[in-house]
Each structure stands twice: as structure tokens, then as C-alpha cells.
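Chains as they are written, first to last, in the working numbering: chain Y, -15 to 338; chain X, -15 to 338.
One should not assume that every hint holds.
Since copy identity is lost for identical chains, a pair holds within one copy or between any two.
[Unchecked claim] Using 25 Å as the maximum straight-line C-alpha spacing, the simulated SDA-like pairs for lysine to any residue come out as follows:
#, residue 1, residue 2
1, K338, E328
2, K182, A319
3, K260, G297
4, K179, R327
5, K246, G58
Everything labelled a hint here was simulated from the structure, so no lab data went into it. Fair warning: this is a prediction, and the values are worked out from it, not measured in the lab.
2 protein chains.
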Amino acid sequence: MSRFFSSELSGIEPYVPGEQPKDRKYIKLNTNESPFPPSPDVLDAVTREQTADLRLYSDPTAAELVNALAEVFGTDPQNVFVGNGSDEVLAFAFYAYGEKGFTGPDISYGFYPVFSQFFGIDYSTVALKSDLSLDPCDLINAKGSIVFANPNAQTGLYLTPEQIRSVVESDPDRVVIVDEAYIDFGGESVIPLTKEYKNLLVVGTFSKSRSLAGARVGFAVGDGELISDLNTLKFSFNPYNLNRLSIVAGAAAVRDTEYTAKCTAEIIRVREWLKKELTDRGFEMTDSMANFLLVSHPGISGKDYFQRLRERGVLVRYLGDERIKNCVRITVGSAEQMEALVRETDNILAEVDK
Amino acid sequence: MSRFFSSELSGIEPYVPGEQPKDRKYIKLNTNESPFPPSPDVLDAVTREQTADLRLYSDPTAAELVNALAEVFGTDPQNVFVGNGSDEVLAFAFYAYGEKGFTGPDISYGFYPVFSQFFGIDYSTVALKSDLSLDPCDLINAKGSIVFANPNAQTGLYLTPEQIRSVVESDPDRVVIVDEAYIDFGGESVIPLTKEYKNLLVVGTFSKSRSLAGARVGFAVGDGELISDLNTLKFSFNPYNLNRLSIVAGAAAVRDTEYTAKCTAEIIRVREWLKKELTDRGFEMTDSMANFLLVSHPGISGKDYFQRLRERGVLVRYLGDERIKNCVRITVGSAEQMEALVRETDNILAEVDK
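Same shape as in the complex, but just chain Y (with noise of 0.2 Å):
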């Protein structure tokens, strides 16, 4: 830190993201990437041409983009935001409507309160239960804005759009984001509550189920008075948040819903898969509704584990929090990688009951 660095932020605790060691070739499942390329579309959607015209600024609008998104998701392009992630998404949403605080989830996805530190905006968490599930009833009785992943970030729990309703009901004075990371391994999402409620933002991402961590899209549907909203802050931070390439990539990813809706299913079927096999071999585990599962073994500490599967070229995340400090986070990777997994895991268990 320089002597020069805005005093009001020297205490800022940046997110840290999973590792992406290059010491060697790791079976990479410390990010929840998809282990599927993107759809076809978007490798026929990438061309010189389009590279060529690097030269031109992108839309700062990315109508091409945000019209795809409005016609899959059967809204108005006026109620769809875009942004560089869904970070970014989510980063203006915090400044957007952070003004009386936000509270989230005790366990959820580790930038929420970064964001509020980010911004100077009071973050509150409410805690999940014993068995790491969420109880919508909490978040009523909360204070300030509302965010929470669904399924919830770290556990894979899901909330139904009903219990999702009632706590958007409970105060419509509050905004309540509902970021749908992982919403397409099975869960229900919210967007068509968003025609119904004008304190409702859902966010989403093309990070997870579209197989575009690397383009960096994220989006936000809501009442056209919220989307307005984040349009004025991008267009007070940055314009031009999309690149050329990432739009015209974007537009093709989510237009090709049936292959989205081919490796989610297939992600899915593997994660079940894994569910059992891990459960046979005395593991614990969330029923995960996500791309991913957190898992502990009475046999093994977390870290133990997550460093033996590193030292066998299987990167898992090993979060560290308290509440689950003995978990690693798995993402469900093709059946071939999991096979791996499970394999490694065999051996691990074999050298600790030694």
C-alpha cells in the first residue's frame, strides 16, 4: 500500500480468488468452471472478422447481447443488465441500493461483504442453520438490502421461488438480490417474479452453465426502474464494460439453450453420481442443487484432504471458513474427472486409515 491510498479504504480486505497454480496440469476443480466447452455457436460466433473489428469500440449498450437474454428469458430488453461478470453485475448493485446496509447469509459467496467494504456499506450476515440450510424466515427479520446465492453459494441449498416470494413480499421498501449462479443444475429461477415485483433484482452469470467463465459476462433482470438504476452507475464508471468478442460470444451462448440444457443435465447426472460414491465412502455432504458439492469425511480434515488431492494433481478448494472449516468444495466436473476423484480419494483414505 502506498502512503498516497485513500485512508477511508487502507482496511479493505480484497477477494481472493481460487488458485490457479501453473506449477503443473491439475484436474481443476477449485472454480465451479464448466469441464464443457462453450455451445458450437459461440466457436462459429468468434471469427477473424470479428477479431478484426477489435478497432471499433463495442456497443456500450450490447443490445445484441441484451436482446438474447430478454428473448430467452421472455422479457423486455429494457429489464436486462449486463455487465463485465457478474461481479461487476453485483459490485453496482451493492453501490446501487447499499445505502441502509445489507445482510446475507453467514455462509455464502465470500465477495458479498467485500463489496460492502468496497463501497463503506454496513454488511450483517444471519446465520444458517445446524444443518447449513437457510431459513428465508431469517432473512425476513433482516435489516437493510438483501442478498443471498440461490442455490446458495458454498452449500449448493436451495430456496423455492415461493419461499423466495415471501421474503420479497415481506418489505417492499428493500431491495432483495437473488444471485442465480447456480440456479441451472436444477433449481427453479426467479425471473418471472421479477414482473411482479419491483423490489426483486435476480442476477446471473455465463460463468457456470453456459461455459463462459473466461468471457466475463454477467447479467441482472428487475424492474426496469432498477435496471436503469445500474445503467447509470456503468455509465458513470464504464461504458464500454463488454468487449466486442464476449457480446457476440454471449448472444450465441444463451441462444443455444439446448446445449446448455445438455451439459447442465449431464452435470447433473455426474453430480448425483458422485453423491452416492462419496456417500458410500463415509463422506458428508449438502444436497447440492449446484455444480459443485461440499463434502467432509469424519476420517480426514478438510485441509488434510484438499492438500492430498493437490499433491495427486486434483485442485479442490479448501474455503476455511469456521462453520466449514473441515469441508472442501468439489466442483462436478465431467464423469471422467470425477472418476479421478473418487480414485485419488480411495487412496487418500487407504494412506490416513493406515
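Chain X: place on chain Y using the hints.
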């Protein structure tokens, strides 16, 4: 604006990017893009394999791009920061160093006061002299951190490294941001001075000389502690701020210094030709060192000239600021584009002369 929007942000006036009309095909000279495609190396770098790899997150340190910049600038990677366009880089720099306010020229890049509003930072201006040049002494006497574009936005007028050194040295307790978006069209960069001064941050972009406006790549070079500040903010806002394709495209572009030099030499040649042609027709203009000219004509108002060019399919920028309200800003494009501009200008002057 929704009723939920933070009251502190409600007065924010977003930046207005240059128009991108889709009603017809224009000779687009309104946003200072390059008339040339990116380097052939960029076209080769964005492959189908790279697109398939979009399933994976980008490297949050963007090491490939940072290393390429460090190599070309003869500095260490720890002295280089990269962002989603120089707008994002500038935004972080304003937030980092805005505690005591910022001062910039009254005519410059229109985004400086917007960043300040976004982050609740005081923004003061010093007036350019009557010839629209910037007097470094006025900056020396200014309060808070300093920001200016060199060559200056809108005017294209230029301060020498020794003039900038006097500003940087005048107060080692404040940060001086030099926005070198247009430096490659005849100016001399002050990047070498960043090794001498801990309070100098030089910001650059790939949008002009490197023909990558649509890839959204910007950078900053400065003392390692300044770069560390910017990384603290980036990792608290959007760690994966550059997408994978822009990282490889940017790295290829920055390494092909020969191509950039060839393109900028041609733009300089055409600029000087255009200066002479327009001067011969009675236009007045600043002696721009950038890839644009700021011109006015005694026989036609800036707004009228802009509109008549637009009707004829030539898009230039009418900025409308009081002090330059009779001017239009014309991007220096290809020789053919400039010949078309001169031809239409002759037609317009003949019209208004009747």
C-alpha cells in the same frame, strides 16, 4: 431511477459516449478509433482453441499481458496494472487517490468529473489558456491529486516530459495521473519518469494506437506501491476484470511494436495533411499531437458543421462545452476517409456560402 437508489448517487450525471447510430453506414470519425485493424498477430492469437478455453476463468493477474507490457516498456511486471479499458483503470485510480480531491484542466477527458461524482470526490478545474494550452504552473498551484491527458483530450496539445516533471516534483505528497491515451501519435511518454517518482502514475490504452478499442484493455505504469493500491481495489471489485481473449489479443498487440509504429506514422502523416487542407479552407485548429483535430471555421458554427457532415454520412464529435462550442473534433482516419471528409466539407462550405 428507482426509489431504492442511494440518495447520495441520485445526482450523478453519467458520461455520454460518442454516438453509435445504426440507421446507416457512416464514415466514423467521432470516437478516435484507429482506421486500421489490429496487428495480424492479434488476428492469429484469437483462435478457435482460445475460444474453446473460455470455459475457464481468465488469469486474474493477467500475467501474459502484464509481462508483455513490462517487457516493451522496460519495466518490472510489478510496475504494471491492467484493466477493462483505461476507463476502469482511471476509476480505480480516482478512488485510490481522491481523498483530498482531484484537479484537472477545464477542457479534457469528460470522464474525470464523472469518476469523481461516482466516488464522491471533490473535483476542481484549472482553466486552459485562451489558446487552449495547459500551463503546468496552474497544475503546480492546484489542490489535491492531479489528473490530465497528455496530449490533452479534445485539444491534442502536449506537455513535454520536462514540463510534466516540474508538476510531479512540485509536491511529492500528491499523486499525478498522466493519461497518455494519445501519446503514440508524436508525443514522448513519461513512463520512464515513473522510475524516478513514487507519485507519478501513467495511464494508457489499447483503444487508439493499438487498434483494440473493442477489446477493452487499459493499463497503468507506476511505482510498485501505486500498482499494489490499484490491485487492492481491483481484487475488491472484479478480480477477473480482463477476459481471456482480450488478454491474448492485448499481449499480441503490445509485442508487435513495428505494426503499431507503422500505423501511427501513417496517422501522423494523414493528420498533418489534413491540418494543411483544412487550414487552406479557412479552418482554425489547435496543433494536435493526437489522432484527432479540434477545428472551427468562421463561416459555420460547430454544431451546424457537425450536423451537415452527419447528414452526408460523416460522423464527427460535437462536444458542446462552452469554451469549444464552435468546434468539432475529427478523428484522423485513413487517407481515403480524410479525402471524403475534405470533399464533403467543400460541399458544405459552398452551401453555407450561398
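How the hints compare with the structure:
1. K338 / E328: For K338 and E328, only the intra-copy Cα distance (16 Å) is at most 25 Å; the inter-copy one is 86 Å.
2. K182 / A319: Intra 42 Å, inter 53 Å, cutoff 25 Å: neither.
3. K260 / G297: Classified as within: same-chain Cα gap 23 Å, cross-chain 65 Å, threshold 25 Å.
4. K179 / R327: Neither: 48 Å inside a chain and 53 Å across chains, both beyond 25 Å.
5. K246 / G58: Only inside one copy: K246 and G58 sit 21 Å apart there, 49 Å across copies, limit 25 Å.
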